[in-house]
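There are 2 protein chains.
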Amino acid sequence: MKHNRILSVALGDERADLVLKNAQYLNVFTCEFLRGDIAVTGGRIAGIGSYRGKEEVDCTGKTVVPGLIDGHIHLESSLISPAQFARAAVAHGTTALVTDPHEIANVCGESGIQYMLRATRSLPLDVYFMVSSCVPCSPFDENGCTLGVETIRSFLTQERVLGLAEMMNYPGVVAGDREALEKIECALAQGGVVDGHAPTLSGKQLNAYVACGISSDHETTTLAEALEKLRLGQWIMIREGTAAKNLRALLPLLEENTFRRCLFCCDDIHPGELMAQGHIDRIVRSAIAQGVKPERAYCCASYHAALRFGLAGIGAIAPGYAADLTLLDDVSKAEVAAVYKRGRLVAQGGALTVPLEEETLANRKAVLGTVRLKDFSVQSLDTHGRPLPVIGLVPHQLVTTKEGTASAAGDGLLKLAVIERHKATGHIGICYLKGYGLRSGAVATTVAHDSHNIIVTGTNDGDMARAVLRLQETGGGMVLADHGEIVCELPLPLAGLMCDLDAETAQQRLTDLKQAAYALGVSDGVDPFMTLSFMSLPVIPHIKLTTLGAVDVDAFRLLP
Amino acid sequence: MKHNRILSVALGDERADLVLKNAQYLNVFTCEFLRGDIAVTGGRIAGIGSYRGKEEVDCTGKTVVPGLIDGHIHLESSLISPAQFARAAVAHGTTALVTDPHEIANVCGESGIQYMLRATRSLPLDVYFMVSSCVPCSPFDENGCTLGVETIRSFLTQERVLGLAEMMNYPGVVAGDREALEKIECALAQGGVVDGHAPTLSGKQLNAYVACGISSDHETTTLAEALEKLRLGQWIMIREGTAAKNLRALLPLLEENTFRRCLFCCDDIHPGELMAQGHIDRIVRSAIAQGVKPERAYCCASYHAALRFGLAGIGAIAPGYAADLTLLDDVSKAEVAAVYKRGRLVAQGGALTVPLEEETLANRKAVLGTVRLKDFSVQSLDTHGRPLPVIGLVPHQLVTTKEGTASAAGDGLLKLAVIERHKATGHIGICYLKGYGLRSGAVATTVAHDSHNIIVTGTNDGDMARAVLRLQETGGGMVLADHGEIVCELPLPLAGLMCDLDAETAQQRLTDLKQAAYALGVSDGVDPFMTLSFMSLPVIPHIKLTTLGAVDVDAFRLLP
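For the protein sequence lines, the chains are G and W, in the order given. With my numbering applied, the first sequence corresponds to residues 1411 to 1970, in that order. With my numbering applied, the second sequence corresponds to residues 1411 to 1970, in that order.
Wrong hints could be hidden among the right ones.
In the DMTMM-like style, the derived pairs of lysine to aspartate or glutamate whose C-alpha atoms are separated by at most 20 Å in a straight line are [what the hints assert, rightly or not]: (1) K1703/G - D1739/G; (2) K1703/G - E1666/W; (3) K1784/W - E1883/W; (4) K1833/W - D1739/G; (5) K1703/W - D1739/G.
Bear in mind the hints are in silico, worked out from the structure with no lab data behind them.
Chain G extracted, bound-state conformation:
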């Protein structure tokens, strides 16, 4: 009988495998800190009280909280492989996350998602999946693959798949788009949940969106917006990512009557921020520093995510729950001393204590060699002085502003191009960019949401072309060219999205790239690569650029 050992340990008849002695621990059910020994056996919590174990860890002065959970992330956006992400995140107290493999699905489709499922199978971190709902994300875009209803249905029956990922096509849903609604119904019919993505949606349109069964949102940037969504029954995922930081605006939500419907997520995070500041612990730390009660912050960082996704058996410190435990030196500062996954010590003092399995080349084959251009040269960027729309950047935000049109770069305006790279169609969209700040050279990347074509901006066509051609050589990545030379780069051979490097090395390369970019004039408040990578995402207001040209997101149409 499976139960027999946990019973005898709970009863105190047998010694536990592990006892965290004299711990202060978070009780998520009452949202309070309590004291007791936590007895663990077979990877699960057997009891809380006074216990003896084969291994005993004195936790006097320390606090145990449930392992932290990221409710919504695109792992690929960290630029490192899932294993390297796990190494960094687990050391920061994370024991589970819910990823939407939207980026790799846009490049490699089904086989990209299968790669991510394989690559996360045996990590010291539970990786759950939401099936990407909008691949491609827009009819005004060209990506590598299309995920239809039947493919989505086939993933929904797989282990670790919890539902349908952020339904970004909110205008489509509200307008009754047949395919969008079919995907939602398919997920709900299979008992899955459906995540939302509906920035600024409100009133009757929001009612309509929610009525379809879309039960969360992570795109909320104001308190009023969050309150409206929460009152309509949506879980609010408070996002603190590298490109978008919403915690400060949503802080009042972490009060008595609303915090129980909130959880935390990163959405997109770069390895530098992950290494230096942390993962979900970083959000907890920031919330507490801004006055949120620690017990509430930790509930949002663990239990509430488990509740939102119906993950029975994780996210709480109670008998029968998985022993996914984060031990803190300082509860207010979210200082992680050690992390236990299913009762096994997996991180201590900021470093992983267990080996990570090496990925085989065979495992990766499906996601290598994904940059395919058609006859690209510097002439491809010539616009012959045509007037084209201008996209205005807003520091620290993903939303952009419409800034009229221009006919040439210069005077703070840069040329911006998005070059199709999946099927070698030769399509190139071109417009202008304001507020980026670059004064010389060009910046290019194959990380360009959501279709991950090549996005490039620069002061001159020559450097822009040089950078693009370098990406073709390396199979994707990030690159900076100036005066005809490659100044700095980070190759991302895995689908043009992730590198082969450990997080520290990737971080150093990225830091070098950013420093070089800032040296060439990129503005403060703009992340040279991440901000750029969102300029081609035509589902966030108000104007974006795709391979087919500039898109008015509000009107959901291509600009002339």
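Please arrange chain W on chain G, whose structure you already have, making use of the hints.
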């Protein structure tokens, strides 16, 4: 597309089927009362805001709350058929309940549960089932049927079945009883939940019980007990039934940090209490009168039950949720003005507004004619002056006290007998009863938890035998005999548990029976029949009587 109509209604493009205009309504997510029109279409809520409908109901001055939900009831204990129960409960604002068909399962087994599923299929009330876990409830008892693991498994896959009902064999679970653990694992493996029943269980034993996956309790009678269970992750079902009333003791649980893990239940309720005082509305009313915030009381009375059982789509007033709505004249007094089930008016002014389907005889056949005795006569009750245990009654409680032994009735002591009635084994358990108060005659019933043999108590063997033989004639029921005559009775032909009568008539008969019983001396604070019916339940401390004799519940053994 299913979604199209709800979308256009939500958007205000089409008129709703029904709009509750200008309503104050309960928002369960923020636990606050808000204002807005509630638009309903196709039985679901399309939106909240400003809406027009084909039918509009002005709710100015009224309050709309989600339809009330009883988290744990044994429908059979109401003594009326499921349809008649629905008629009374819906008028009191109930739109869903979770029943454990434990009583009828003990009499008729599988076919009893199937009868209950059939009889609740088309009521204006959602009836969900938990499969009875302990049939029979104890090895020291004789019932009509046994529900094994395989039978339980077969029910768990049926629609409306949510998991395994109260695991009363808590000593068995804690001791590692193979069958009890198999039943629990079977339910959890199929995605069901498991309800608990563990009065006074505490400390390491409670840890063990909870570690097996038992996630609720409704047997909690003190605040300390409730807090301990709640902190270990159990949902607390606050019970106010006809025999057990725990609200007053557990009232402090309805505070900020604990009320969100509480729901309400009746467990067992007689038709008189149901008609006169109400169902879940009665508990809400009482909680508010004792100082609980109305919004919290209504959340416990609706949403929290839906959460506990994972009933997605009911229990809240928000887009996409079922339009199960209870309209209140007075929110503090829980005065129900009207009830909507899937958007349809089903009750108004305390009366059902829709017809109830008549049950066919064919539908009932499996549960008729269930009283089978072997050669019973007055001699069967003769104890020949043997010393036998004395059970002490505690007013308003199901627990009893051990009161030593006695050799004869008299001086406040009554003879108590439990007579096997399913398989005509001829087994009779006899002891004495203190505190019941009867001064003349005998009281007998086939409603005798949990095996529903005949339980009879009286001042003399002659009246006791007369009462028992009358139950044999009527196919079960409740009866009072005095001086050799049947004074009063309520026949219960459906499994010896439920009558063919409407709730009012059943109530009148029961009132007559009780009055007659009190006239014959039954003590205040004792319900002549319901209290008696629990004297044979050997899973509630401290001493009970079965067909095999008196049982020491604490020691889990038969007394000599």
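For each hint, the structure was consulted:
Restraint check: the Cα-Cα separation between K1703/G and D1739/G comes to about 17 Å, which is no more than 20 Å; the hinted pair holds. For a cut-off of 20 Å, the pair hint linking K1703/G to E1666/W stands: about 14 Å separates their Cα positions. About 13 Å separates the Cα atoms of K1784/W and E1883/W, which keeps this hinted pair within 20 Å; it holds. Restraint check: the Cα-Cα separation between K1833/W and D1739/G comes to about 65 Å, which exceeds 20 Å; the hinted pair is violated.
Of the supplied pair hints, the one linking K1703/W and D1739/G is violated, its CA atoms being roughly 38 Å apart against a limit of 20 Å.
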